[in-house]
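Chains as they are written, first to last, in this note's numbering: chain A, 3 to 115; chain B, 407 to 524.
The set of hints was computed from the structure by calculation and includes no laboratory data.
Because the structure is a prediction, the values reported are computed rather than measured.
Take the hints with a grain of salt, since some may be wrong.
[What the hints assert, rightly or not] Straight line, CA to CA, 30 Å or less: simulated DSSO-like cross-link-like pairs of lysine-lysine:
1) A/K107 with B/K426
2) B/K447 with A/K102
3) B/K447 with B/K470
4) A/K80 with B/K470
5) B/K461 with A/K72
6) B/K470 with A/K102
7) A/K107 with A/K57
8) B/K447 with A/K75
9) A/K80 with A/K57
10) A/K80 with B/K447
11) B/K420 with B/K461
12) B/K472 with A/K102
13) B/K461 with A/K107
14) A/K57 with B/K470
15) B/K426 with A/K57
16) B/K426 with B/K461
17) A/K57 with A/K72
18) A/K107 with B/K472
19) A/K102 with A/K57
[To be verified] With beta-carbon atoms standing in for the labels, derived distance ranges:
20) B/S421 with A/K80: 25 to 33 Å
21) A/R65 with B/Q448: 25 to 33 Å
22) A/R65 with B/K470: 42 to 50 Å
23) A/N60 with B/I418: 39 to 47 Å
[Claimed, not checked] Listed below are several chain B residues computed to face chain A (Cβ distance under 8 Å; list not exhaustive):
24) L450
25) L452
26) S495
27) I499
28) E512
29) F515
30) P517
31) G518
All C-beta atoms in this analysis are idealised placements derived from N, C-alpha and C, irrespective of residue type, glycine included.
The lines below spell out each chain.
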Amino acid sequence: AQTVTQSQPEMSVQEAETVTLSCTYDTSESDYYLFWYKQPPSRQMILVIRQEAYKQQNATENRFSVNFQKAAKSFSLKISDSQLGDAAMYFCAYDNRDDKIIFGKGTRLHILP
Amino acid sequence: GAVVSQHPSWVICKSGTSVKIECRSLDFQATTMFWYRQFPKQSLMLMATSNEGSKATYEQGVEKDKFLINHASLTLSTLTVTSAHPEDSSFYICSARPVAGSAIYEQYFGPGTRLTVT
Chain A
3 AQTVTQSQPE MSVQEAETVT LSCTYDTSES DYYLFWYKQP PSRQMILVIR
53 QEAYKQQNAT ENRFSVNFQK AAKSFSLKIS DSQLGDAAMY FCAYDNRDDK
103 IIFGKGTRLH ILP
Chain B
407 GAVVSQHPSW VICKSGTSVK IECRSLDFQA TTMFWYRQFP KQSLMLMATS
457 NEGSKATYEQ GVEKDKFLIN HASLTLSTLT VTSAHPEDSS FYICSARPVA
507 GSAIYEQYFG PGTRLTVT
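Based on the sequences and whatever the hints tell you, model everything.
Structure, rendered in structure tokens:
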């Protein structure tokens, strides 16, 4: 069975600094998607970034980028120039196109002013 | 962008009554919708997968007679919590996946419904 592990329950970063959130997953599939979702205090799930497993190039969305290591089954999220609005729960998620997303337990990110 | 709405956003009901939560995809069609439950400071727990025109598939441990799911159209799925009890109090989130063939493969999430059973 597929699993997603986020080993950092909480992290803190100074405003304007860079932080990396870790995520590892386990699967025997070769074709899948990986996502990072942000859940702010409003609890609305917001897609931060998406990575297709067949793409070797790491996905980037403005200040957010990933380090996708397929062989190591690692999918970390880097947030550059951290802003107060980045404070939220971040969930790593795996989707093998079989209609079910598997979420990690989440990392709560605090931004220190 | 794709928008999913949920109604109501917050509901309080008395123990023993039933409550219905609606999930609508507003600007796209969704053959598959998902219902999640989230406890405070925890991750999302998938309850069931709902496919338009067919019976929902429930995750292990989820009582299908208690959590009734209906996916009557390509834009609407409903979750009915029957004979609600205080332990059913939680945050319920739905998501929708665009129909097959869409260029975008991801789920879009509703804003959630907070259920409080007194």
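Structure-based check of all given hints:
For the suggested pair A/K107 and B/K426, the alpha carbons sit about 28 Å apart, so the restraint of at most 30 Å is met. For the hint pairing B/K447 with A/K102, the CA-to-CA distance comes to about 22 Å; that is within 30 Å, so the pair holds. For the hint pairing B/K447 with B/K470, the CA-to-CA distance comes to about 25 Å; that is within 30 Å, so the pair holds. For the given pair, A/K80 sits about 40 Å from B/K470 by alpha-carbon distance, which is inconsistent with the 30 Å threshold.
Taking the CA atoms of B/K461 and A/K72, the gap is about 36 Å. The hint is violated against a cut of 30 Å. Of the pairs offered as hints, the one joining B/K470 and A/K102 holds, with about 18 Å between alpha carbons and a cut-off of 30 Å not exceeded. Between A/K107 and A/K57 the CA atoms are separated by roughly 25 Å; this keeps the pair inside 30 Å, and the hint holds. Between the alpha carbons of B/K447 and A/K75 the distance comes to roughly 26 Å, so the proposed pair stays at or under 30 Å and holds.
Note on A/K80 and A/K57: the hinted pairing holds, with a Cα-Cα distance of about 18 Å set against a maximum of 30 Å. Distance hint between A/K80 and B/K447 is fulfilled; the C-alpha atoms sit about 22 Å from each other, no more than 30 Å. Of the pairs offered as hints, the one joining B/K420 and B/K461 holds, with about 28 Å between alpha carbons and a cut-off of 30 Å not exceeded. A distance of roughly 22 Å separates the Cα atoms of B/K472 and A/K102; the hinted pair therefore holds under the 30 Å criterion.
Restraint check: the Cα-Cα separation between B/K461 and A/K107 comes to about 29 Å, which is no more than 30 Å; the hinted pair holds. This hinted pair does not check out: A/K57 and B/K470 have alpha carbons roughly 39 Å apart, beyond 30 Å. Taken as a hint, the B/K426 and A/K57 pair is broken in the structure, with Cα atoms around 41 Å apart against an allowance of 30 Å. Simply put, B/K426 and B/K461 have alpha-carbon atoms about 17 Å apart, close enough for the 30 Å limit, and the pair holds.
Note on A/K57 and A/K72: the hinted pairing holds, with a Cα-Cα distance of about 10 Å set against a maximum of 30 Å. Simply put, A/K107 and B/K472 have alpha-carbon atoms about 26 Å apart, close enough for the 30 Å limit, and the pair holds. As the CA atoms of A/K102 and A/K57 are separated by approximately 21 Å, the hinted pair is consistent with the 30 Å bound. In this structure the hint that B/S421 and A/K80 lie 25 to 33 Å apart at CB is violated, the actual value being about 47 Å.
Distance hint check for A/R65 and B/Q448: the Cβ-Cβ separation is about 27 Å, which falls inside the suggested range of 25 to 33 Å. Taking the beta carbon of each, A/R65 and B/K470 are about 43 Å apart, inside 42 to 50 Å as hinted. For the hinted restraint 39 to 47 Å between A/N60 and B/I418, the CB-CB distance of approximately 46 Å keeps it satisfied. At its closest, the beta carbon of B/L450 sits 5 Å from a beta carbon of chain A; the interface hint therefore holds under the 8 Å criterion.
Below 8 Å, beta-carbon pairs count as interface contacts, and B/L452 has one with chain A at about 7 Å; its hint therefore holds. Against a cut-off of 8 Å between C-beta atoms, the interface hint on B/S495 is violated, since the closest Cβ of chain A lies about 15 Å away. For B/I499, the interface hint holds, since its Cβ comes within 8 Å of a Cβ in chain A; the closest pair sits about 7 Å apart. Given hint, B/E512 at the interface with chain A, holds; its Cβ is 6 Å from that chain's nearest Cβ, closer than 8 Å.
Because the beta carbon of B/F515 sits about 4 Å from the nearest beta carbon in chain A, less than 8 Å, this interface hint is met. Evaluation of the B/P517 hint against chain A yields a held restraint, the C-beta minimum of about 5 Å falling below 8 Å. Of the supplied interface hints, the one on B/G518 holds, with its beta-carbon coming within about 5 Å of a beta-carbon of chain A, less than 8 Å.
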